[in-house]
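These are the residues of each chain, in order.
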Amino acid sequence: GAVVSQHPSRVICKSGTSVKIECRSLDFQATTMFWYRQFPKQSLMLMATSNEGSKATYEQGVEKDKFLINHASLTLSTLTVTSAHPEDSSFYICSAEEGPDTEAFFGQGTRLTVV
Amino acid sequence: AQSVSQHNHHVILSEAASLELGCNYSYGGTVNLFWYVQYPGQHLQLLLKYFSGDPLVKGIKGFEAEFIKSKFSFNLRKPSVQWRDTSDYFCAVEPNFGNEKLTFGTGTRLTIIP
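Read top to bottom, the protein sequences are chains A and B.
Each residue of the first sequence is one higher than the one before, counting from 1 in my numbering.
Each residue of the second sequence is one higher than the one before, counting from 1001 in my numbering.
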C-alpha cells in the first residue's frame, strides 16, 4: 500500500517553544491530509482537514492559531504546535488520501512531550 | 454527527480461540465502515472496509466483519487468532457522501496468550 511518513516520531520540547511535525506522502499525491490527536487509551480525534493550496478546516474546539497547518504541496503537510504547553503533550497522527472515496493512509504518528 | 462505540476495551484470548470485537455506530444516513489495526510503534493499517454490497467483508490477515444495518453494527471476527494478532484495533465510520471525515472508536486492545 501507499506510504505516509511522519517526522519526527518523537519530540520533546520546552514549554513555550514551537514544534513542527511533517507528514509526507511518499508514493502518491495527497489532495487531502488529515491531522488527528490521540490521548492514551482514547480514540483518534480529528483536529483538522487540509486540502492542498487552501486553508485548513479545523474541527470545533481546535485552536487554529495554536495548531498551524500548512499543505503547500501535494506531498507535504505540516502541523506546527505553537507556544506548546504540557497539556499539548499527545500522540499526533496524520493521514493522506489521493482523492475523494480513496483509502486514507496513515503516518506512524509523532509522540510530543512538552516539559 | 456520527459516533462509534467499541465496548470491549481490552480482550485477552488464548491462541486458536475465536475472536469477535464489537463495533456500533450512530448516524442517520448511509456510512462507510472500516477496521484498522495499530501494531506497537507502527502506523494504522487498514484491515477491511465496507462501502456497499455483500455485508460480510473479508479483509487481510484472516479477518472478516459483518455489517448488520438493523443493529448499526460492524463487528470484527477471526476464527482462530494467533499471537501476532496482539495489537490495538480501531473501528471507524465515515458518511457515505458529503462530509468525508473518519470518526474512530476508542479502540480495543487485543492480547493473545501463546
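These are computed hints drawn from the structure, not numbers from a lab.
One thing to keep in mind: the hints can contain errors.
[What the hints assert, rightly or not] Here are some, though not all, of the chain A residues that point toward chain B, as calculated from beta-carbon distances under 7 Å: (1) Phe39; (2) Leu46; (3) Thr102.
[To be verified] Examples of chain B residues lying across from chain A (beta carbon under 8 Å, computed): (4) Phe1104; (5) Gly1105; (6) Thr1106.
Beta carbons: idealized from backbone N, C-alpha and C, even for Gly.
Here is what the structure says about each hint:
Interface restraint check: phenylalanine 39 (chain A) against chain B, minimum CB-CB distance 10 Å, threshold 7 Å, status violated. Using the Cβ-Cβ criterion of 7 Å, the hint placing leucine 46 (chain A) at the interface with chain B is satisfied: the shortest such distance is roughly 6 Å. Interface hint at threonine 102 (chain A): violated, since its Cβ lies 10 Å from the closest Cβ of chain B, which is beyond the 7 Å cut-off. The criterion of a C-beta within 8 Å of any C-beta in chain A is met by phenylalanine 1104 (chain B), whose closest approach is roughly 4 Å, and the hint holds.
Because the smallest distance between the Cβ of glycine 1105 (chain B) and any Cβ of chain A comes to about 6 Å, under 8 Å, the interface hint for this residue holds. At about 4 Å, the closest approach between the beta carbon of threonine 1106 (chain B) and any beta carbon in chain A falls short of 8 Å, and the interface hint on this residue holds.
Violated hints, in rising order: 1, 3; the structure is consistent with all others.
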